[in-house]
Every structure is written in structure tokens, then in C-alpha cells.
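Peer 1: Each chain, written out:
There are 2 protein chains.
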Amino acid sequence: MNTLRLNHLLEKYQRKIKRIGPQNEMMTDIKSLLNNAIPTTDRRFVTEGIWAHQKLQMTDIPIEYCLFCLEMIYSNEAVELVEEFMNRTEHIYIIAPKIFQKLSDRDDPDGFMSVGILPIHDPAELVVRDDAVVVVLDGLESPGNIGTILRSCDGAGVDAVMICNPRARYNNPKMIKASMGAVFTVPIVQFEQPLQCINWLKGHNFRIYLADAEAKSCYEGNDYSGNTAIVLGSERYGISREWYNHSVQTLTIPMLGSCDSLNVGVAASILAYEICLHKRTQEGDCYENNI
Amino acid sequence: MNTLRLNHLLEKYQRKIKRIGPQNEMMTDIKSLLNNAIPTTDRRFVTEGIWAHQKLQMTDIPIEYCLFCLEMIYSNEAVELVEEFMNRTEHIYIIAPKIFQKLSDRDDPDGFMSVGILPIHDPAELVVRDDAVVVVLDGLESPGNIGTILRSCDGAGVDAVMICNPRARYNNPKMIKASMGAVFTVPIVQFEQPLQCINWLKGHNFRIYLADAEAKSCYEGNDYSGNTAIVLGSERYGISREWYNHSVQTLTIPMLGSCDSLNVGVAASILAYEICLHKRTQEGDCYENNI
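Chain order of the listed sequences is A and B. Residue numbering for the first sequence follows the numbering used here, beginning at 1 and increasing consecutively. Residue numbering for the second sequence follows the numbering used here, beginning at 1001 and increasing consecutively.
Be aware that a few hints might be false.
[Stated by the list, open to error] Result set (EDC-like, lysine to aspartate or glutamate): computed pairs, CA atoms no more than 20 Å apart in a straight line:
hint, chain 1, residue 1, chain 2, residue 2
1, B, Lys1177, A, Asp260
2, A, Lys174, B, Glu1141
3, A, Lys177, B, Glu1071
4, A, Lys279, A, Asp131
5, A, Lys279, A, Glu71
6, B, Lys1174, A, Asp260
7, A, Lys177, B, Glu1141
8, B, Lys1174, A, Glu141
9, A, Lys16, A, Asp105
10, A, Lys98, A, Glu71
11, A, Lys12, A, Glu84
12, A, Lys174, B, Asp1260
13, A, Lys174, A, Asp105
14, B, Lys1279, A, Glu220
15, B, Lys1016, B, Asp1108
16, B, Lys1177, A, Glu71
17, A, Lys177, B, Asp1260
18, B, Lys1012, B, Asp1108
19, A, Lys31, A, Glu11
20, A, Lys174, B, Glu1235
21, B, Lys1174, B, Glu1141
22, B, Lys1174, A, Glu242
23, A, Lys279, B, Glu1220
24, B, Lys1098, B, Glu1084
25, B, Lys1177, B, Asp1108
26, B, Lys1177, A, Glu141
27, B, Lys1018, B, Glu1090
Derived by calculation from the structure, the hints in this document are not laboratory data. Remember, predicted model here, so these are calculated numbers, not experimental data.
Can you make the complete structure from the sequences, with help from the hints?
Peer 2: Take a look at the structure:
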């Protein structure tokens, strides 16, 4: 039944479809993407499998091309996704199971991969509502940490994640995986330098809080009214000095045991939830209504 | 200078020291530990490098044996740790740089590794103070997640972490690394079955809260008075059904975006901080005093 449907799709989208071997230039392209061997300015990323494509399906992210291995595709939901993505892209490549298996990081791959272009918002065009919350990540290095933070920001209802001093590539499969797809839905803005980010925040009346293990004041019990930005620093070096030259407040998460600090993904998540929940409680808006 | 000190130590602890080659049975032992190829009942773990040994130094964890590569040891702090651990263990093995490099997961290893025995507390002997907080992990599979949770529990001041349905090995290097050493300091109790854990908690007057994405009530704004246990379930299957057969409350962390749930390490950290901070505020005890 599904073989019939697949054959029908192959016929329908015939003009877009190419069968390619391991020496094809597209194989070189996808391998560089999977191995992070691309310039940091390249905003393309690879998505693999049913789950990630279901997330991608809900967005209007442009799809540059898709790779399918027909022998691996059999469930109804897989065939439906194939149909959706064959329709959505202009370039479809069909490859053999052996070649697909080599590209995949899974033991039992679903048989499809797509290359999309991640939307990084232009700060000049970002519109923020009143009483907005943004999370700023300064120089974070681990794609897994950034992914985890995007997932938590999506959950807490953060308005945007701002990345300055970018050190990790957005296309890194670990970022997409750890974000559980939130990398596609939470608005991401990038600033090369902290000063550009500070200027943007000041220009939009944000109060800036730096998460700093050395700070005297605890994150809990703060007012957090108005537009609120919380800044987290790199895993190794913390927050850039530049931030401290401006009007900012520092906050800490108390550490009562033997460790000096929390994992940055955990710290960002605790602060994002604290601030977002606080704002909603202040507004008399109950979280329960939104579950 | 440090070569002199090292030679002095070699002489002083001569009777405990053996120079071994790659075929020695101890090499097989440490390789099985590093590769998780040991029974789950084996509570031994491997620590590598200066940072982890400094953490270990602060505990009274028994050290089964140490492996040193003298050519890699040169800083003052490294030599001091060598002295401490040569004193502390009865079995010291000296190996060549090539062999050490193969064992190590680092590009530039510090030249020492120790095998210790992780203290897993007997529930019958665990004494809890009034108004205690425990975090229960039911069937968690990822050593990295458990490590992150131990680090956050250490920071928040959680009294014990209870592991039931154990699925991950405690010796996993990822757990130790993600815990930043908290695996050595936070009391860990293990129960094979949820029912044993439930009985222990009920017997010690704990109120039990299950973190459940399907729950109606939000984690925030709860009372959390008295002994409080918060239960988190496995990454794939959630909390075992058994828990729902008893008198428990369910709570959720609101998810306002496109994702269904948070990373379990993040969820546990948010809840641990919320409950511990709440208790301290209730007691009129200010976190700031403890920083």
C-alpha cells in the first residue's frame, strides 16, 4: 500500500527528483554540514527522521533539499512526511540504504534528511511586546547547552533568545536535538559584539540582569517589572567584561553545597521560569489556564 | 624541583608501588571500568585529572588504587595530589605515557587516575532532618542527566537523591563529569523498586509530588511544608505507574511553546530550587546569608 503511494509520489514529483551515488557533489555538501565543516555564516542545518520533520513541518522554514532512502520508508506517518517535504522543496535526492546509513547517526534510520535554512532574526526588525523577557547568551560554546536553553525558553514563554559573541554553529545536530525543535520556533537574534546587544536592549528599555556566581543578590524575590533581559556567560569565561561597564544588575543562584556554579543550561532555565512565572502572576494571569 | 619531590614520594611509598605494562591485569580492570563493562552491582568509579581529584580529596571515599604517569605530572598542585593519594591508597601503579594516553579521554592528560568506591547510602541508615527535601529519580537512563541533577541538588541544598529502578551505572564518567563532583557529596540512596522507596518516604512522613507533564496543577505557589519528596521519571517512559497507586500529588511545569516537556535534568533543577528556596523563605532564613 505504502509502496504504491511512494511510487505515485515519485511519478508526481519526477521533475525535481535525482537518484545520486556516493560520489555526487550533494553528498559532499551534506557531509560538510553534518561534520560542522562549513563557515559560521552558513545558516543551513540538517534534520533527520520522523520526529524532527514533524517539528519542521509546523514551521515555514525554507527547505533547500531533501534526501530520501525509499527502502527505509514504510510507516504511514513517514510516507505522509515524504509527501509534504517533496512538495515543499525543489530538490529531491534518492540514495541507496548503504549510503544513507553512513550519513545517519542512528542504528535504524527513518530514511529521510532535509537541509533547511535557520531563520536568524534581524535585530532591527524584531518587535517586542510590553513586559517582554529575553535571554542573552554571551559566548556560549556548547551546542547542547544552547539547545537545552532554547527548549526551556520555548516552555517558559521567553520572547527571544539573543546570541552574542557566537561560538557554536546553529546547524550543529546536537543543538537541534537538545532543543527538541525549539530552535525552529523561538526567535533567535544574533549580535557579533556585546555592545551591539547592550545598545539594542537599552534602546528598547530593557532592564539588564547578569547571572553572576559572584553577585551578592539572589535571583529570587526580585521585581522583574518591565522589559527584562537576563544575560548568561560562556561555560569557561563567564560574561564578557563589556556588560559590566553599563547600567546593569547582577544576580546569583545560591550554591549551598560543594559546587561553585550550576550548568549554564540549568541556570538559564531556572531564571527564565522564575522571571516569566513572576510576570504572569503579577498580571493576575494564571499559568494553569495555558496548559 | 618537582622531579625531586616525585622521586622522594616514589621512595617513600616504594612498598605500595608497581610499574606495569599494557598486558597487566589492572589494565584490563580499568578498561572495563572506563567502558562500563562491569556489573551494575560494582560501585567502583574512575576519576581522572587534577580537578576531579581535588573534589575527591574533600571526601572520605575509599580509593582502591591509583594509576600515575610520572612524565605527565609537573605542576605543584599535581604533585601535592599525588602525595595525598599515594598516602591514601594501598595500591599504586605507574604506567608509561603511551598507555596513559590511550586510557584518557583528554588531549593533554594530567597523568593520574584513581579508582574509588562510590558510597551508596543504606536507606535504613539515612537520617533526615525536619523539613527535608529529597529528589527521587525513577528509571532515569542518561548518566549525564543524573549528574546534572546531582550538581543542582548540591547547589539547592537537597538532603538526598533517591534512585529507584536504577538504569544507569554510577561509575559512568559522564555522570561524574556532569555532576562536577556532586556525586561524591550529595547522599545517594538506591531502591530497586518504586514500592520500597514509597514505603520509606511514607514511613518518614514525606509528602510526595510527582512531576508529570499531564498534571493540572502548577509547581509554583504550592505550600511544600514538612518533608517533601519530588519524583521525576525516565526520559522515555516517565514515572512508573506504581507511584500513582498511592497518596501523591501531581504537579506540572507549564509549557507555553511548541515542546511537550523540559529536559528532565532542567525540570528536576527548577523544582529542587523552587522547593528549597520556598522552605528557606518560610523559615525566615535568607539565602543571601549562605552565599
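Peer 1: If a hint holds in the structure, say so; if it doesn't, say that too.
Peer 2: Each hint, compared with the structure:
The hinted pair formed by Lys1177(B) and Asp260(A) meets the criterion: a straight-line CA distance of about 14 Å does not exceed 20 Å. The straight-line distance between the Cα atoms of Lys174(A) and Glu1141(B) is roughly 18 Å, inside the 20 Å bound, and the hint therefore holds. The straight-line distance between the Cα atoms of Lys177(A) and Glu1071(B) is roughly 41 Å, outside the 20 Å bound, and the hint therefore fails. For the given pair, Lys279(A) sits about 8 Å from Asp131(A) by alpha-carbon distance, which is consistent with the 20 Å threshold.
Between the alpha carbons of Lys279(A) and Glu71(A) the distance comes to roughly 51 Å, so the proposed pair goes past 20 Å and is violated. Proposed proximity of Lys1174(B) and Asp260(A) is supported: the alpha carbons are some 19 Å apart, at most 20 Å. For the suggested pair Lys177(A) and Glu1141(B), the alpha carbons sit about 17 Å apart, so the restraint of at most 20 Å is met. Distance hint between Lys1174(B) and Glu141(A) is fulfilled; the C-alpha atoms sit about 18 Å from each other, no more than 20 Å.
About 27 Å separates the Cα atoms of Lys16(A) and Asp105(A), which puts this hinted pair outside 20 Å; it is violated. Distance hint between Lys98(A) and Glu71(A) is fulfilled; the C-alpha atoms sit about 10 Å from each other, no more than 20 Å. Our distance criterion of 20 Å between C-alpha atoms is met by Lys12(A) and Glu84(A), whose separation comes to about 13 Å. A C-alpha spacing of about 19 Å is found between Lys174(A) and Asp1260(B), which places the hinted pair at or below 20 Å, so the restraint holds.
Proximity of Lys174(A) to Asp105(A) is assessed by CA-CA distance (about 11 Å); at most 20 Å being required, the pair is judged to hold. Distance hint between Lys1279(B) and Glu220(A) is fulfilled; the C-alpha atoms sit about 13 Å from each other, no more than 20 Å. The suggested pairing of Lys1016(B) with Asp1108(B) is violated, with an alpha-carbon distance near 27 Å, which exceeds 20 Å. A distance of roughly 41 Å separates the Cα atoms of Lys1177(B) and Glu71(A); the hinted pair therefore is violated under the 20 Å criterion.
For the hint linking Lys177(A) to Asp1260(B), the alpha-carbon distance of about 14 Å falls within 20 Å, and the restraint holds. Straight-line distance between C-alpha atoms of Lys1012(B) and Asp1108(B) comes to about 28 Å, which puts the hinted pair past the 20 Å bound. Between Lys31(A) and Glu11(A) the alpha-carbon distance is near 28 Å, which puts this suggested pair outside the 20 Å criterion. Under the criterion of a C-alpha separation no larger than 20 Å, the hint pairing Lys174(A) with Glu1235(B) is consistent with the structure, at around 17 Å.
Straight-line distance between C-alpha atoms of Lys1174(B) and Glu1141(B) comes to about 12 Å, which keeps the hinted pair within the 20 Å bound. For the suggested pair Lys1174(B) and Glu242(A), the alpha carbons sit about 34 Å apart, so the restraint of at most 20 Å is broken. Distance hint between Lys279(A) and Glu1220(B) is fulfilled; the C-alpha atoms sit about 13 Å from each other, no more than 20 Å. Taken as a hint, the Lys1098(B) and Glu1084(B) pair is broken in the structure, with Cα atoms around 25 Å apart against an allowance of 20 Å.
Straight-line distance between C-alpha atoms of Lys1177(B) and Asp1108(B) comes to about 17 Å, which keeps the hinted pair within the 20 Å bound. Taking the CA atoms of Lys1177(B) and Glu141(A), the gap is near 17 Å; set against the 20 Å cutoff, the hint holds. Among the hinted pairs, Lys1018(B) with Glu1090(B) is consistent with the structure: their alpha-carbon atoms are about 11 Å apart, no more than 20 Å.
In summary, the numbered hints that this structure violates are 3, 5, 9, 15, 16, 18, 19, 22 and 24.
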